[in-house]
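A.B. asks: Residue numbers (numbering that gives the first Met the number 0), protein chains in the order written: chain A, 0 to 240; chain B, 0 to 186.
Please note: incorrect hints may appear among the correct ones.
Over 10 Å on every C-beta distance to chain B, these chain A residues come out as not near it, computed from the model [said to hold, decoys possible]: (1) PHE80; (2) ARG102; (3) GLU103; (4) GLU106; (5) VAL108; (6) SER117; (7) ILE149; (8) TYR178; (9) ALA181; (10) HIS202; (11) THR204; (12) ARG209.
Some, not all, of what chain A presents toward chain B, calculated at C-beta under 7 Å [what the hints assert, rightly or not]: (13) PHE122; (14) LEU126; (15) ALA147; (16) ASN190; (17) ALA232.
Simulated restraints on C-beta separations [unchecked claim]: (18) A:ASN177 x B:ARG69: 22 to 28 Å; (19) A:ARG85 x B:GLY3: 48 to 54 Å; (20) A:GLY192 x B:ARG107: 39 to 45 Å; (21) B:GLY140 x A:LYS99: 46 to 52 Å; (22) B:ASN88 x A:PRO24: 35 to 41 Å; (23) B:PRO156 x A:ARG34: 24 to 30 Å; (24) B:PRO156 x A:LEU110: 51 to 57 Å.
What the hints contain is simulated information worked out from the structure, not anything from laboratory work.
Note that the structure is a prediction, hence the values are computed from the model and not measured.
Ideal Cβ placement from N, Cα and C applies to all residues, glycine included.
Spelled out, the chains give:
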Amino acid sequence: MLQKPERLIVDGKRLDGRAFDELRPVKIVVGPLHRADGSCYIEHGKNKVMAAVYGPREVHPKHLQEVTHAIVRYRYNMAPFSVEDRKRPGPDRRSIEISKVSREALESVILKEYFPRSTIDIFVEILQADAGTRVAALNAASVALADAGIPMKGLVSACSVGKVDDTLVLDLSKEEDNYGQADMPVAIVANTGEIAFLQMDGHMTQEEFRKALEMAIDGCKQIYKLQREALLAKYGGLENE
Amino acid sequence: MNNGKFVLPGDLVGIAEEFLAGDGVYEEGGKLIASVTGVVEIDEKAKRISVRPLAGVPAKIKKGDFVVGRVTDVRESIALVELSRVKPNETREVSNGGMAIIHISNVRKEYVKDMNEEFSPLDIIKARVLDERTLQLSTVGRRLGVIKSICPHCRIPLRRNGDALECPKCKKKFKKKISEDYGTGVL
Numbered sequence: 000m001l002q003k004p005e006r007l008i009v010d011g012k013r014l015d016g017r018a019f020d021e022l023r024p025v026k027i028v029v030g031p032l033h034r035a036d037g038s039c040y041i042e043h044g045k046n047k048v049m050a051a052v053y054g055p056r057e058v059h060p061k062h063l064q065e066v067t068h069a070i071v072r073y074r075y076n077m078a079p080f081s082v083e084d085r086k087r088p089g090p091d092r093r094s095i096e097i098s099k100v101s102r103e104a105l106e107s108v109i110l111k112e113y114f115p116r117s118t119i120d121i122f123v124e125i126l127q128a129d130a131g132t133r134v135a136a137l138n139a140a141s142v143a144l145a146d147a148g149i150p151m152k153g154l155v156s157a158c159s160v161g162k163v164d165d166t167l168v169l170d171l172s173k174e175e176d177n178y179g180q181a182d183m184p185v186a187i188v189a190n191t192g193e194i195a196f197l198q199m200d201g202h203m204t205q206e207e208f209r210k211a212l213e214m215a216i217d218g219c220k221q222i223y224k225l226q227r228e229a230l231l232a233k234y235g236g237l238e239n240e
Numbered sequence: 000m001n002n003g004k005f006v007l008p009g010d011l012v013g014i015a016e017e018f019l020a021g022d023g024v025y026e027e028g029g030k031l032i033a034s035v036t037g038v039v040e041i042d043e044k045a046k047r048i049s050v051r052p053l054a055g056v057p058a059k060i061k062k063g064d065f066v067v068g069r070v071t072d073v074r075e076s077i078a079l080v081e082l083s084r085v086k087p088n089e090t091r092e093v094s095n096g097g098m099a100i101i102h103i104s105n106v107r108k109e110y111v112k113d114m115n116e117e118f119s120p121l122d123i124i125k126a127r128v129l130d131e132r133t134l135q136l137s138t139v140g141r142r143l144g145v146i147k148s149i150c151p152h153c154r155i156p157l158r159r160n161g162d163a164l165e166c167p168k169c170k171k172k173f174k175k176k177i178s179e180d181y182g183t184g185v186l
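With the rest of the complex left out, here is chain B (with noise of 0.2 Å):
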């Protein structure tokens, strides 16, 4: 088997005894086989096969990902988030998603007092996962936190001025964790 090979689910790719399985493969009877489409690749230094995918590929959440959700409840030390998709594949829904925490710890690098004026239900926010499996999120860093927010009152989309969120209608101030993104659209 060679680098760089195209492999189709099912295809073997090599023998246990020469290779650890890396993604895109796993080891049946002895025998290293691909299970998704794409090409092989090899590092020869740790000893281990695995597939490139070309097609598609799931949206998994692994620790360190950057993930977009929205804010469904803020409690006295917890945001709770409903994950909708995580980056680079955004255009897929998210496999082992579902409801994930926003502990007050993670908020941002100063003290945080209370929860409430950095959260408020349905902000729309981008976050780093710190843990995949309790889904554990943060949003400390520049351009993570709230991308998009509305009045609590008038219901429309609160804008940006400069580190605080305005009403454009009632002129009412937000502080809130705002990312460097608010507003843009960017992911």
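With the rest of the complex left out, here is chain A (with noise of 0.2 Å):
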């Protein structure tokens, strides 16, 4: 188990040496799964994630699908071996708030007029967690939409940010998340700057806020700027065929 530090801010730095607006190492892999019509790989610190989309297809059972749009299914489940003990498989009410904070934040985006009485369903999975898996899951999710083809308004990107020792910091540890007071992940659409989703644990002044939601974005921005380039790097090299 984790020991609670003393000081989570030595010396003006952070316990792993990184700045205060500073991401984790991040590795995108586009279409690692071939039976999926559209799929992805993160690994974003220690997190590994794993997302997988299908669709559009047909709705089972019939009663879900609606005439004038899809429906989207998101479900996002962390394997049994991804933390330190044992999770106990299967969906607990923590997963459940996710899976649907994030389907809402990828629902505005996705085009879903486009293909009325079906549904997207997206698959993310936790292999390892070390914090922030939610926001790992939705740039998993999101660059595996746009894998499958699946027509959006402009990609989802999603960081969060939070406050230790009083200091806003972007990107939490899992010493940072656990021992920290407050954690903001966030999710924008790049392109036009909108939110797409937030949420909050812990405590901030209006001023810390406010701070911290454009710490959230630049680092959504910098996310953003990766998730471009694995894309490009799997389909910008057939631009000159």
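Reassemble the complex: the two chains are provided individually, in unrelated frames, and hints are given to aid placement.
C.D. replies: See the structure below:
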């Protein structure tokens, strides 16, 4: 188990040596799964996340289908081995909530009207968790949707920001998440700057909140660049054929 | 914006005054924005800008497409077909599929007297889409029709023998609207 560190910020640096506005290293692989219509694997620091997209396809059970637009289903799931103690498999209160808010974030960009009476299914598996899994999952899902060729208004990019030792820091690590004072995951649509998703845990003053939101949006923009590069690396090579 | 530029969903490709929005492009607030990953294509004549997808494409049935499905029921003048795949996107499930209909007048060029002679439940067929909204199909054409069928008594695949199908076990013969690709595995 983690020991509570005495201080989370030592000599103006974080425990892992990052600056206050620095992200953890991110690696994005587009299309690792061949059976899915679209997929993406992301390593965000020690987080390991796999996302798969199926559809648009027929809705089962049939009564869920909508005549005017496609429905979107999002499943956030943590593997039993993703955390230190074994996680009891299956959906729990936390993952149901994360699924709901993440689905709503993606629904705001997917052009659902193009596919009436169908469903777009998104499955995200957390293989290894280390704080900030919901934003890593959202980043992976958004790239997987682009890989599946599902029409969208833009890519969703997400990032978390928090407060530790009375200082605002970007992209919380495990220690900072567990023993910090606040945690705020944010997702934006990078092209328009719209906020697609925002949650907050803990306490911040109004001034801190404004500053934190600014930092988070900057972080999301950095993530967007990485998502863009990953998609370009997979598909941009075909540009000159 | 130039022809052949690589774009992602959300990228600005043009202004509503200069072009019409084609495939893979949507209009919002006077701006033309890409909705899929791909390269920009400009049709100067039609003044239309579209994005040719490079990532996957959802399988959507349109008029004139060739589809593969399974016959689920044969009535007096129609056969019901459960759609599965659409050419040329065979690896993806269809998004606007469901129950399609072949009317007796769309089975073959010649007059068809009895629908039960042409199709039977569980036949796998290839057909052309006449209307994507009502899902009307046609099997008029040499490569269209049954591509796999089983014997209703022995439950083993029928073999092609000239212009009829024959059960290898009970030697029963079946007429049917057979595709040229019967038994070849070619979709």
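A.B. asks: Verify the interface restraint on A:PHE122: the C-beta must sit less than 7 Å from at least one C-beta of chain B.
C.D. replies: violated (15 Å)
A.B. asks: When the nearest CB of chain B is found for A:LEU126, is that gap smaller than 7 Å?
C.D. replies: violated (23 Å)
A.B. asks: A:SER117: least C-beta distance to chain B exceeds 10 Å?
C.D. replies: The claim breaks: A:SER117 does not keep its Cβ more than 10 Å from every Cβ of chain B (closest is about 4 Å).
A.B. asks: Please check whether the beta-carbon of A:HIS202 is more than 10 Å away from every beta-carbon in chain B.
C.D. replies: holds (34 Å)
A.B. asks: If I take the minimum Cβ distance from A:TYR178 to any residue of chain B, is it greater than 10 Å?
C.D. replies: For A:TYR178, whose nearest Cβ neighbour in chain B is about 37 Å away, the distance exceeds 10 Å, so it holds.
A.B. asks: Is the gap between the beta carbons of B:GLY140 and A:LYS99 within 46 to 52 Å?
C.D. replies: holds (48 Å)
A.B. asks: Can you verify the interface hint for A:ASN190: is its Cβ closer than 7 Å to any Cβ in chain B?
C.D. replies: Result: holds, 4 Å to nearest chain B Cβ.
A.B. asks: Starting from the range 35 to 41 Å, see whether the pair B:ASN88 and A:PRO24 falls in it by beta-carbon distance.
C.D. replies: holds (37 Å)
A.B. asks: Are all C-beta atoms of chain B more than 10 Å from that of A:THR204?
C.D. replies: Non-interface label on A:THR204 holds, nearest chain B Cβ at 33 Å vs cutoff 10 Å.
A.B. asks: Can you let me know if the beta-carbon spacing of A:ASN177 and B:ARG69 is within 22 to 28 Å?
C.D. replies: violated (54 Å)
A.B. asks: Starting from the hint 39 to 45 Å, judge whether the C-beta atoms of A:GLY192 and B:ARG107 obey it.
C.D. replies: violated (59 Å)
A.B. asks: Since A:ALA181 was said not to touch the interface, does its Cβ keep a gap of more than 10 Å from each Cβ of chain B?
C.D. replies: holds (30 Å)
Hint violations for this structure: numbers 5, 6, 7, 13, 14, 17, 18, 20 and 24, all remaining hints satisfied.
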